[in-house]
Structures are given as structure tokens and as C-alpha cells.
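Protein chains in written order, with this note's numbering: chain A, 3 to 248; chain B, 212 to 630.
What you were told as hints is all true, and nothing was included just to trick you.
To spell it out: a stretch of chain B is covered by chain A in this simulated footprint if at least three of its residues, at any positions, have a beta carbon under 8 Å from a beta carbon of chain A; those stretches are:
no., stretch
1, 359–369
2, 390–398
3, 401–410
4, 422–432
Far from chain B by the CB rule (all over 12 Å, computed), these chain A residues:
no., residue
5, A32
6, A51
7, V54
8, I114
9, A130
10, Q137
11, S174
12, V177
13, A187
14, I194
Think of the hints as simulated: they come from the structure by calculation, not from any bench. Please read these numbers as outputs of a predicted model, since none were measured by experiment. We treat Cβ as the ideally placed atom computed from N, Cα and C, and that holds for glycine.
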Amino acid sequence: MSFSLARTGAVLRKELREFRHNRLIVGTMAFLPLLFIVIPISDLFRHAAPAVVHAQTGAALLLLLVTSVIIPATISAYSVVGEREQGTLEPVLTTPVRREELLVGKAAAALIPAVAVAYLIFIVVAVAVRIGADQTVVNDIWQAPTFLTHALFAPLLSAWSIWACIAISTRSSDVRVAQQLGTLASLPPLGIVALITFQVIQPSVTVAIILACVLAALDAAGWMLVGRLFDRERLISGARPVRSTP
Amino acid sequence: MSMSSGPWFVRRRIGHGWRPATWQGWLVTVAMLAPAIILLIIGRVAKAPVWLIAGIALIGVYAAVAALGARQPRADVAAAPAPAVDAPRSTPARAPAPARRPLAADRPPALLVEGLTKRFRDRFAFQDVSFSVGSGEVFGFLGPNGAGKTTTVRTLGTLLAPSAGSATVAGIPLTPENGEAIRRRIAIMPESPGLYLRLTVRENLEYFASLFMIDDRQARIRDSLTAVNLASRAEDVCASLSKGLRQRVGLARALLSDPAILFLDEPTSGLDPVATREVYELVESLRGRGVTVFLTTHRLEEAERLCDRVAILNTTLRMVGRPDELRARVFSAALVVMTAEPLQQPHALFASVPGVERWESPEPAHYVLTVSEPKTVAPPLTRALVKAGADVESLSESRHSLEDVYLELIAEDVEAAAR
Numbered sequence: 003m004s005f006s007l008a009r010t011g012a013v014l015r016k017e018l019r020e021f022r023h024n025r026l027i028v029g030t031m032a033f034l035p036l037l038f039i040v041i042p043i044s045d046l047f048r049h050a051a052p053a054v055v056h057a058q059t060g061a062a063l064l065l066l067l068v069t070s071v072i073i074p075a076t077i078s079a080y081s082v083v084g085e086r087e088q089g090t091l092e093p094v095l096t097t098p099v100r101r102e103e104l105l106v107g108k109a110a111a112a113l114i115p116a117v118a119v120a121y122l123i124f125i126v127v128a129v130a131v132r133i134g135a136d137q138t139v140v141n142d143i144w145q146a147p148t149f150l151t152h153a154l155f156a157p158l159l160s161a162w163s164i165w166a167c168i169a170i171s172t173r174s175s176d177v178r179v180a181q182q183l184g185t186l187a188s189l190p191p192l193g194i195v196a197l198i199t200f201q202v203i204q205p206s207v208t209v210a211i212i213l214a215c216v217l218a219a220l221d222a223a224g225w226m227l228v229g230r231l232f233d234r235e236r237l238i239s240g241a242r243p244v245r246s247t248p
Numbered sequence: 212m213s214m215s216s217g218p219w220f221v222r223r224r225i226g227h228g229w230r231p232a233t234w235q236g237w238l239v240t241v242a243m244l245a246p247a248i249i250l251l252i253i254g255r256v257a258k259a260p261v262w263l264i265a266g267i268a269l270i271g272v273y274a275a276v277a278a279l280g281a282r283q284p285r286a287d288v289a290a291a292p293a294p295a296v297d298a299p300r301s302t303p304a305r306a307p308a309p310a311r312r313p314l315a316a317d318r319p320p321a322l323l324v325e326g327l328t329k330r331f332r333d334r335f336a337f338q339d340v341s342f343s344v345g346s347g348e349v350f351g352f353l354g355p356n357g358a359g360k361t362t363t364v365r366t367l368g369t370l371l372a373p374s375a376g377s378a379t380v381a382g383i384p385l386t387p388e389n390g391e392a393i394r395r396r397i398a399i400m401p402e403s404p405g406l407y408l409r410l411t412v413r414e415n416l417e418y419f420a421s422l423f424m425i426d427d428r429q430a431r432i433r434d435s436l437t438a439v440n441l442a443s444r445a446e447d448v449c450a451s452l453s454k455g456l457r458q459r460v461g462l463a464r465a466l467l468s469d470p471a472i473l474f475l476d477e478p479t480s481g482l483d484p485v486a487t488r489e490v491y492e493l494v495e496s497l498r499g500r501g502v503t504v505f506l507t508t509h510r511l512e513e514a515e516r517l518c519d520r521v522a523i524l525n526t527t528l529r530m531v532g533r534p535d536e537l538r539a540r541v542f543s544a545a546l547v548v549m550t551a552e553p554l555q556q557p558h559a560l561f562a563s564v565p566g567v568e569r570w571e572s573p574e575p576a577h578y579v580l581t582v583s584e585p586k587t588v589a590p591p592l593t594r595a596l597v598k599a600g601a602d603v604e605s606l607s608e609s610r611h612s613l614e615d616v617y618l619e620l621i622a623e624d625v626e627a628a629a630r
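Kindly generate the complete structure, drawing on both the sequences and the hints.
Spelled out as C-alpha cells, the structure:
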């Protein structure tokens, strides 16, 4: 009875199918990227003093990473409480699916679109800057630490957001509450990124890797916590299990 | 079964050296060792000893944790014991089609429950429940709201852990380790069908077929939909279906895995009479194929019509048996005599008839006689009435329904609680 990629894939496919039909999620995925492309570009294309440009670039890059937090928060906060509300949680839990398979499937369904959107808008902004912005801005963005930060932090921040939101979703009884609390819980790791983007911590490849390791450790802790919370008995009855249900 | 020991992420398999035992183990190993390797590379390239030391330290931490945990053997990784009876099919058989063996006395029980108890903090959902259900039997589980019926189903379906007692489900002991094995062999249809309303009927069934890892999914889905007369609605979005149709989709989903035991929790709740009759017919067809059906309901006519045996639960199990057995246990056999005029000397008349134990007259010219055996008492009673010159309007056996039995038992509980 080992971990089944086939069952995980089934959960992933079902989740993606459901998102396709969910206006809130489709709207969030379409509107937010647009917003997060327009705002940084409008900021970065303004002519300003070099000192101001650095701050603007930092803010714009941070804004780009916010999508990595908000999109998965919207999706994953719904993942358990949404199923409970529509009565599908119990039928799913009576199948042979293991909790890890269910969790990984649901997490992947939130991670894949979130990271894809985050990378896409970063590429769009970077290319736009290269084509039309001041050389100071180009110099700030087109450097290895910036690209590395984005490449590393987008999935790591998304993963944190996903685990935080699923954890809240397992204990919540209302989708909206889960989404609001989930988004709030997703934000603290952005503080680490803010320190780099506003150059409180001098950005470098080394710093990026170290902070990525810290975030990876946080993600691993989040995964373990969610694994404990995702207990069949707790999910069905809301009561703490007498002993672990399979 | 290979012996293994160690922390959950790295387990020593005897004869296989050190390696992660699970996919989570691999994940943690990679998550810890990859940064260590990166640190070593940076340290080597930049010729910075601090990075090299940090990388080595990280590897050291990983090795220390793995080694410390290796001393404790893990008991909870033992493979699920083989089913005691009725070995599971290697792949679920093709759905509703194959006929099963009919109910036979020599077959082991599909469900064996002994002293099962579920307690939520200071409240018992059900307590000390014991019964068995034979293979191929349709077993009714009756009780008022809050009696513990659904909790019993959830416990037997491995969703809740019992607080005490034991059970064997489809031949597999109900233990945390066996949860997955049991869930492969059963299906539960909750009271609310629980469908993904934004998806089509087919998409819903495809998802569940994938979770059961059914090989020939499309054929199985087609068979299940045909069994519930929904083949033509496969591409409909579930949100567009009526409640009755959704219930049928729920049943089709329960049939997908060709379960050895099918738990139906209030399957006709909220259905119109036509849809209800269709569910009855489906349950009867399942009985014909030898599927064990565990039916919870508080519709007594449903239980009487469908079930071979019933159990009445009101936190504790009040009674188990065939409906006629329960009637016999709760109510004495009785004959009802209606005459045109009140009898002149009923005492003497009824005392002269052998087998009449006692009698009462709830209304004038209406007599209820408690008898040992209605069929043997009726002829001499008729003769005695005719001889006494009574104008007999009717003489019939008093028939108690399952509902009477149920109400009697529940009333006893209410009285006991009031005392």
C-alpha cells in the first residue's frame, strides 16, 4: 500500500477541472496577474532619480512575488472546507486514497498555476523593462540575484501559502473565513523577501540561497503540520482522534 | 515483510543498507542534502572555508538524526495482515455484472462486530454494539435521529476510530493499519450523495474510479450508470440534476468498485415515491447478485421490504433479528374478535377455549385474545363463539408491523430515560 502517483494525479486532474469551472478562481487567476503586470510597469517606466528608482524596483519585484502567495491562497483555502461544504469530503475519504496522496494532489493543483503565473508575469515585466525602461531600472532587474530570487522564491512562497491555507482549511467551517485567514497566514514569509528587495539585506546569490533554504525548511515544517492535521476522524467529526485513523 | 528501523524519513532495511523508506523520506533527504551539496560547491569554488564547514555540518546533522533514530524499531510499519476470509480480489472485478454466490449459512460473516463503542469526549455515540452480517445479506440498521447509525457506518468504514470493541469488515480486522485495505473492499453512500456539482456525471465517476485504481474505467462507469438507469445522462453537469438523479449518481459511484459490502446511509432520504421505488429495485438487484448491503434507515416499511434482518439501535443495540422474529419477541400472538353485539359471558367463553392465555376488550364487542398459537386456537374459538350464539363479524390474527416493534422499543427507552 505505497504512495500512488496515479491517485495523486487523479486528485490533481479533478482539482484543475473544478478550477476551470469556478469563476472566483478563474477570475483571481486572470485579474491578479494583469494587475501585477500593470502596476510595476507603470511604476518602472516613470523617469525618476536613481535613488528613487532602486526603491521602485524593489517594490515592483516584491509585488511580483505577492502573486505567488495570493493565487495559491485562494485555491488551497477552498481545498478542504470547500469539499466539506459541498459534501464531497466524506465520499473521498471512504476511498482507498491516502492522506499524503490527497494532500500532494491538492497542493500541486494550487502550486502549478501559481508558479506558472508568477514566472509568466516576471518574464513579461522583465522583457518590458528591457525594451522600454531606463537603463538604471534594467540594471536593477537584469541581474542574476534578481532572477534567482524570483525563480527560487516563487515556488517556495507558494508552497508556504498552500500549507498555511490547507492547515486553516482543515479546521475552518467557512470558505470565506479560510481564504481570509489563509491569505493573512501566507504573508509573513514575504517579509524575508522584502528585506532583500528593499536592500536591507544586500542581495546576492549567497543570500538568496540561504534564505531559500530557510523558506524550504519552513515549507517542510508546514507539510508536516498539515499531514498531522489531515486526519480522517478530525475532518469528519471535528473531534480530536482517539487514535490515528488510517 | 522486511524488517525495518529508524526515524520515519530514513529507515534501515536489513540487508539493504541505509536509504529512505518512503517518498517523504526521499523528499526530506533531498531537502537536507541538496543545500549541503550547494554549500560545499560554493565553498570549493569561492575557496571559502566557512561554506565548506556549513555544508559538512548540515550533512553531519542529517547523519546524526538518522543514526539516533535507527535504534528504535517501528511496530507501526507492519504490513496489514492478510484478510481472514474472502481474500481480496487482485483487481476489482468488472462492476455490476458478475453474479455472486447466494447467501449461504456456511459462508463467513461479511461483518462481525463485537462490543464496538464510539465515544466523543463524555458522550457515547453508540455503546457495546455487537452483531454479525452474513455475506450477501441485506441488513437494516434502524434507529431514531442521533441513535448512532451514521457514526456506526463511519466507524465500520474506517473514517472514525472505535473507542472500544472490535470488528471485522469484509474479512479484514478493523485496525488503523488495515484502513486502506478495508476501504478497497467496501463502498459507502452517505445520506447526501456528495457530488462535485461543477463536474459532469462522468467526470465525477472517473475521479472516484481513479481513486479506486480501477483498470477498465470507462467500461465500469458505463456499467454502473446502466445499473442505475443513468447512462443517457453521463455528460450532464451534476448541478443540473434533480435530487433523485443525484442520489442515483451517488449509487453508481458506490457500485464502481464492485464492493463486497455496500453501506447505504438513508438512501431514499428526500426522494419521491418513484425514485424511492427505483432505489428499492436496485437494492433488490444487489441482493440478487449477492452483494452484502448494510442499510441505515428510519423508514420502517423500507427495512421491512428490503432487509433480511434488522437491528434496532438507540445508542445501545436494542434488538437484532428477522422482522417476524422481532415481532414475536416484542409482541405476543393475538386474535382479534369482532361481534355484532357484546358477548353475554365472555369470561366463561374464552376460558373454555384451550390456548387462550388472557383477553381484553378495548371497546364493546371488540375482543383481543392473547394466545399461544393463533392457527391452533382459531378453530376451537370459532366453534365456541358459534355455540354461544354470537354474531361474529370477524376473527383475525393481530398483525404487528416492524413499526410497532420499533415504536415499542423506543418508547421503552424514552420511559427509562424519564425515570
